[in-house]
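K.L.:
Now for the letters of each chain:
Protein chains: 2
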Amino acid sequence: MAEATLSIGEVADRAGISVSAIRFYERRGLLPEPERAGGQRRYTDAAVQRLGVIGAAKHAGFSLDEIGVLLSSTDAGAPAHEQLRALASRKLPEVDALIERAQAMRNWLFVASECGCETLDACALLRPS
Amino acid sequence: MAEATLSIGEVADRAGISVSAIRFYERRGLLPEPERAGGQRRYTDAAVQRLGVIGAAKHAGFSLDEIGVLLSSTDAGAPAHEQLRALASRKLPEVDALIERAQAMRNWLFVASECGCETLDACALLRPS
DNA sequence: GTTGGCCCTGAACCCGGGTTTAGGTCAAGG
DNA sequence: CCTTGACCTAAACCCGGGTTCAGGGCCAAC
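Heads up: the sequence lines are chains A and B, in that order.
If you're matching positions, the first sequence starts at 115 in this note's numbering and goes up one per residue.
If you're matching positions, the second sequence starts at 115 in this note's numbering and goes up one per residue.
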């Protein structure tokens, strides 16, 4: 892989993220401290790559702390899938609950549009189920 | 309806919410200011009722501000369903997107448990899609 | 008559996930 | 030479949704 040395701004552009977020992730330990040239951070493509991984994991609903755990085990050379499986089994019920609630809400929004109730307090739809 | 006058603590217990949250909702305008007896808030069952409504709406994914809009239109005697429909059509796409991402994540979590990859960075599952 | 329990207030604090700001360094270009 | 733009740092700030704290009141029971 090319040793392309990118500035933080270039990395930000490629990863579609803000410069401040990159520095923030670095402080959080999600991103290894890069080399510096004259005080300025110099990245390789691996950093862009990892930002993609972080983005995907975030998108998948992991918190930054959880992502940190995963990545640090990766960095330590530990097999990722062990951590991943542990995290997955912890997260699955949460996600299921989230989906259930979201779908309930979706239904509710549909029905609600049809509900001719005059006041919310009187609306049967909002009765605490 | 019974004029049961409840203390804030009793309301909190019945609504399954904390006392501080009730005062917080009141400051936010979600809960009308109740009468007072010797400086202390006195509620009727309607307050418990409304806290249930708020809880349901929160549960359904509305922010406190959105709930405030709905309730204030209710309080103003305006028909609730107009506001509701407007809010619903604004929220529906959001909810759909949420569900879609959540389901993607759910799949991902399943597959991830099976993925034998050694490092996260190398895990094909985490390639930014 | 003081102890205990619940209530009151405003203000400060917490978390997550960043962004913004103030003040400083450096290289390139007109 | 001096301005412009990208970078650096630490620290402050933002939002949402509350919780906690400090300091005080009021009433009933012992």
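One or more hints might be untrue.
Claimed, not checked - Footprint (simulated), chain A over chain B, 3 or more residues, beta carbon under 8 Å:
# : stretch
1 : 117-127
2 : 173-184
3 : 212-225
Derived by calculation from the structure, the hints in this document are not laboratory data.
All values reported here derive from a predicted model rather than from experimental measurement.
In this text, a Cβ means the ideal position worked out from N, Cα and C, and glycines have one as well.
K.L.:
Hint by hint, note whether the structure agrees.
P.N.:
We went through each hint and held it up to the structure:
no. : hint    : result
1   : 117-127 : violated (count 0)
2   : 173-184 : holds (count 4)
3   : 212-225 : holds (count 11)
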